[in-house]
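Build the full structure now, drawing on both the sequences and the hints.
Chains as they are written, first to last, in this note's numbering: chain A, 1 to 470; chain B, 1 to 470.
Just so you know, the hints here were simulated from the structure itself, not pulled from any lab data. C-beta: ideal position from N, C-alpha, C; glycine also. Misleading hints may appear alongside valid ones.
Under the rule of at most 27 Å between Cα atoms (straight-line distance), these lysine-lysine pairs were calculated in the BS3-like manner [claimed, not checked]:
id, chain 1, residue 1, chain 2, residue 2
1, B, 211, B, 184
2, A, 101, B, 65
3, B, 101, A, 73
4, A, 101, B, 101
5, B, 65, B, 211
6, A, 184, A, 211
7, B, 101, B, 184
8, A, 101, B, 211
9, A, 101, A, 184
10, A, 65, B, 101
11, A, 184, A, 65
Listed next, the stretches of chain B that the computed footprint assigns to chain A, with coverage defined by at least 3 CB atoms under 8 Å from CB atoms of chain A [said to hold, decoys possible]:
id, segment
12, 196-207
13, 226-234
14, 250-262
Protein chains: 2
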Amino acid sequence: MNLKLLAAAALLACASLAAETFSESDLETARELRAAALAGDGGFEIVADLTTLIGPRMAGSDGEKRAVEWAQKMLRDQGFDRVWTEPATFPVWRRYGQSAKVVSPASQPLTALALGFSPSTPEGGIESEVVMLDDLEALENVSEDEVAGRIIFVRNRMERTRSGAGYGQAVGVRSGGARIAAAKGAAALVIRSIGTSDNRFAHAGMQRHEKDVDMVPALAISNPDADLLERLMAGDEAVRMQVEVDAETIDAHTSYNVIGEITGAGRPEEIVALGAHLDSWDVGTGALDDGAGVAIVTEAARLIAGLEQRPERSIHVILFAAEETGLWGGHAWARAHADDIENYQLVAESDFGDGKVYAIGARVSDEAWPVIQAIQQELAPLGIELGARRASGGPDFSPALPLGVAAVDLHQDGTRYFDYHHTENDTLDKVDAESLAQNAAAYAVLAWLGAQSPVSFGSGKTILQQEKGD
Amino acid sequence: MNLKLLAAAALLACASLAAETFSESDLETARELRAAALAGDGGFEIVADLTTLIGPRMAGSDGEKRAVEWAQKMLRDQGFDRVWTEPATFPVWRRYGQSAKVVSPASQPLTALALGFSPSTPEGGIESEVVMLDDLEALENVSEDEVAGRIIFVRNRMERTRSGAGYGQAVGVRSGGARIAAAKGAAALVIRSIGTSDNRFAHAGMQRHEKDVDMVPALAISNPDADLLERLMAGDEAVRMQVEVDAETIDAHTSYNVIGEITGAGRPEEIVALGAHLDSWDVGTGALDDGAGVAIVTEAARLIAGLEQRPERSIHVILFAAEETGLWGGHAWARAHADDIENYQLVAESDFGDGKVYAIGARVSDEAWPVIQAIQQELAPLGIELGARRASGGPDFSPALPLGVAAVDLHQDGTRYFDYHHTENDTLDKVDAESLAQNAAAYAVLAWLGAQSPVSFGSGKTILQQEKGD
Chain A
1 MNLKLLAAAA LLACASLAAE TFSESDLETA RELRAAALAG DGGFEIVADL TTLIGPRMAG
61 SDGEKRAVEW AQKMLRDQGF DRVWTEPATF PVWRRYGQSA KVVSPASQPL TALALGFSPS
121 TPEGGIESEV VMLDDLEALE NVSEDEVAGR IIFVRNRMER TRSGAGYGQA VGVRSGGARI
181 AAAKGAAALV IRSIGTSDNR FAHAGMQRHE KDVDMVPALA ISNPDADLLE RLMAGDEAVR
241 MQVEVDAETI DAHTSYNVIG EITGAGRPEE IVALGAHLDS WDVGTGALDD GAGVAIVTEA
301 ARLIAGLEQR PERSIHVILF AAEETGLWGG HAWARAHADD IENYQLVAES DFGDGKVYAI
361 GARVSDEAWP VIQAIQQELA PLGIELGARR ASGGPDFSPA LPLGVAAVDL HQDGTRYFDY
421 HHTENDTLDK VDAESLAQNA AAYAVLAWLG AQSPVSFGSG KTILQQEKGD
Chain B
1 MNLKLLAAAA LLACASLAAE TFSESDLETA RELRAAALAG DGGFEIVADL TTLIGPRMAG
61 SDGEKRAVEW AQKMLRDQGF DRVWTEPATF PVWRRYGQSA KVVSPASQPL TALALGFSPS
121 TPEGGIESEV VMLDDLEALE NVSEDEVAGR IIFVRNRMER TRSGAGYGQA VGVRSGGARI
181 AAAKGAAALV IRSIGTSDNR FAHAGMQRHE KDVDMVPALA ISNPDADLLE RLMAGDEAVR
241 MQVEVDAETI DAHTSYNVIG EITGAGRPEE IVALGAHLDS WDVGTGALDD GAGVAIVTEA
301 ARLIAGLEQR PERSIHVILF AAEETGLWGG HAWARAHADD IENYQLVAES DFGDGKVYAI
361 GARVSDEAWP VIQAIQQELA PLGIELGARR ASGGPDFSPA LPLGVAAVDL HQDGTRYFDY
421 HHTENDTLDK VDAESLAQNA AAYAVLAWLG AQSPVSFGSG KTILQQEKGD
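Have a look at this one:
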């Protein structure tokens with residue numbers, strides 16, 4: 001068989017997979033949804049409204065409270081059949097202010113943000129000599145003598161990648177550095193921002209937080225400021241800094257996941273759940289993180305709600321609370337749905353900005369993998385390839401993975417995402433409507449065909465047993 | 001004559017112009033300087049030192065004082081024959097803090113900077129309804145009734161251009177808006193930043209300042225925040241803002257222009273003066289504005305100082321004080337040299353960042369214009385075209401124009417310049433060493449051939465009479 005024939009045969013085999021799995025009518029509807037989403041603005045007006053009328057909505061803040069009200073009204077306005085909330089309780093960290101400056105051998109104010117759950121410094125701040133370390137490993141290995149009483153500066157630099165993998169490689173020092181610094185008697189921790197911006201924005205971010213584990217005050221400085229500090233450290237003179245943090249941690253606060261449902265016509269108790277998170281960091285307006293996700297999944301579901309035909313299964317849009325401060329909404333959802341997790345046929349969260357989707361990965365039963373392949377055929381015109389047979393479902397669904405939930409990842413191009421992530425520069429003007437529309441098209445096809453699939457995706461026992469058997 | 005012959009003839013005519021004007025040896029030296037500058041880093045280490053060891057150096061600040069010490073030592077280290085200072089006295093504006101936020105119908109903190117010489121608000125700030133106006137003309141025409149007691153927001157937007165002409169078109173409302181707002185009884189003025197950054201940085205900048213003219217407190221907000229405010233203003237509800245400024249104006253402070261000389265071997269009393277300004281805004285480290293200029297003109301002169309042969313005329317590098325707050329160093333220099341202005345054969349300031357030079361313009365006597373054309377022939381390999389027969393010499397030499405000083409403008413590509421201009425994002429990482437080197441090459445050729453020219457450029461009476469005769 002020559003190559004052309006082989007390709008033609010492969011194409012036929014592929015084409016028949018979708019046709020074997022779904023009715024011609026369901027496939028036609030999927031294509032109509034795809035076209036309608038691409039012709040629209042991807043829900044740009046949703047993220048515009050959220051960022052303009054609400055703005056910053058840090059978990060536990062007044063902004064978040066207003067966002068929960070806004071989201072319920074918005075989902076009703078978009079045509080969902082039912083809208084409700086489910087509670088989530090979490091600790092709250094409040095930023096009142098911070099500063100960082102070099103005091104010697106030069107006087108240089110630095111652009112800095114305290115990291116989440118950083119304790120306050122004493123009033124007037126902490127001034128000390130700076131010790132520069134390469135990365136988390138160097139911090140783990142440095143002797144107490146070298147850092148006791150000092151301000152530790154860790155200079156590790158996040159790499160820009162399409163997948164965003166550079167984030168995971170660099171973020172460890174942000175998550176856990178302050179407890180190591182505390183254990184070694186350091187005075188404070190300053191890190192190069194975990195982000196790729198060349199502009200003078202510090203990237204905020206969470207630290208692992210346990211009540212009984214000591215942490216030093218910790219701040220991220222912008223990449224240009226980290227360059228400056230590295231240049232000063234390369235000189236002959238000792239470098240001294242002064243840092244100040246004014247912040248507060250409140251033990252328990254209750255907010256809400258906001259859920260909208262398009263009720264299925266055939267098997268309404270079976271659910272395809274699309275997620276995004278409603279909360280944001282406090283310093284931007286949370287346009288890319290995660291206003292974009294809110295817009296994408298809402299727009300996808302809205303297009304399905306607008307069809308004359310109801311989907312077979314129900315479709316949920318879940319707007320999670322308090323993702324940024326520790327996936328608290330996700331944990332609450334997993335706890336609340338541990339007993340009916342097998343009803344959640346497929347879950348997928350959009351939480352990676354507005355970058356275009358380039359691949360679909362899934363964590364489903366063996367019987368359901370061909371359905372994912374069939375769905376990918378309808379995503380292919382959007383430039384979406386078949387990815388791996390694994391998925392997390394996104395951060396807020398990850399607490400449900402141990403319950404065996406079936407999950408899909410629509411992998412987005414994250415090349416630019418970490419230029420804005422967790423900065424005050426995460427604002428509406430960064431959101432590209434065309435790119436949002438491609439995302440909405442992908443989620444609409446996924447949700448529709450997921451809801452129409454005659455095959456179960458295997459949530460619950462099947463996948464749990466499969467995982468255990470690995 | 002066919003076109004090829006015409007072109008060849010033109011080329012010959014051109015080639016002979018340089019050869020007729022300058023000795024073969026001087027032209028060879030110009031080419032060596034050009035090559036040496038291109039092979040170097042354009043003085044990148046100078047701007048690195050200035051931004052790292054001094055940083056912000058607002059006129060009248062401790063940083064500026066340290067910069068004056070730094071500059072004298074640096075010029076001596078670079079091999080100048082003589083280094084001295086000349087005083088300049090000016091009013092000082094000190095920024096202690098500011099804030100701007102929307103309080104209704106949403107709660108949105110905005111990224112803002114008070115404009116230079118803004119008065120303070122009462123403690124606790126000013127809260128009022130916002131009136132949005134299109135531009136300076138609309139502000140001039142609006143009735144007192146519409147704006148009395150209100151916060152005026154002017155939304156005019158600077159256009160991006162290579163020449164930077166968009167700045168001049170947009171800046172009027174920044175320079176003079178607050179006095180018009182005061183005359184109409186407004187409470188405060190908020191403007192869209194005069195700058196092209198898509199990032200969330202407010203662009204600082206000066207206002208015209210006279211002791212007896214009232215101004216309202218005035219702030220610039222970042223472009224993304226101006227977008228947000230415009231979007232809120234397009235809604236149905238009245239928009240209210242709260243602004244606060246804490247600042248102080250001090251009547252008189254003395255600082256210094258720092259001058260380095262390469263003493264001429266033949267006609268040392270005749271001078272080619274290259275300028276840049278040493279002061280910066282308070283919010284960045286003044287890397288592009290004007291650390292780049294300091295580096296470019298110093299590097300150009302340093303290369304000439306490193307020659308075995310001294311130039312015929314003297315070459316000065318003048319690092320001006322307090323350009324940003326009103327060209328105070330430039331005014332002091334013009335006053336100090338009013339009586340010997342004819343000795344300043346040619347003046348040219350570099351104050352437009354690191355963009356490549358693309359044209360040379362000059363304001364010289366009729367007899368000297370062919371010399372400029374000959375110099376342009378030696379700049380052509382750098383991609384520099386012949387521009388107009390007019391020049392300002394740059395901001396700090398402009399006060400000497402009425403004295404009839406001969407001036408050159410090396411026009412730089414300003415496409416990116418106003419992305420960083422007067423923001424906290426004007427930092428070293430934005431400076432491109434290759435582009436600096438092209439600038440240094442151009443200034444080295446200009447200064448060398450300007451110093452070797454047997455023709456006078458006509459400073460003083462000739463140009464003054466010519467101007468008067470226009």
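Please list, smallest to largest, the hint numbers that this structure does not respect. 8, 11, 14
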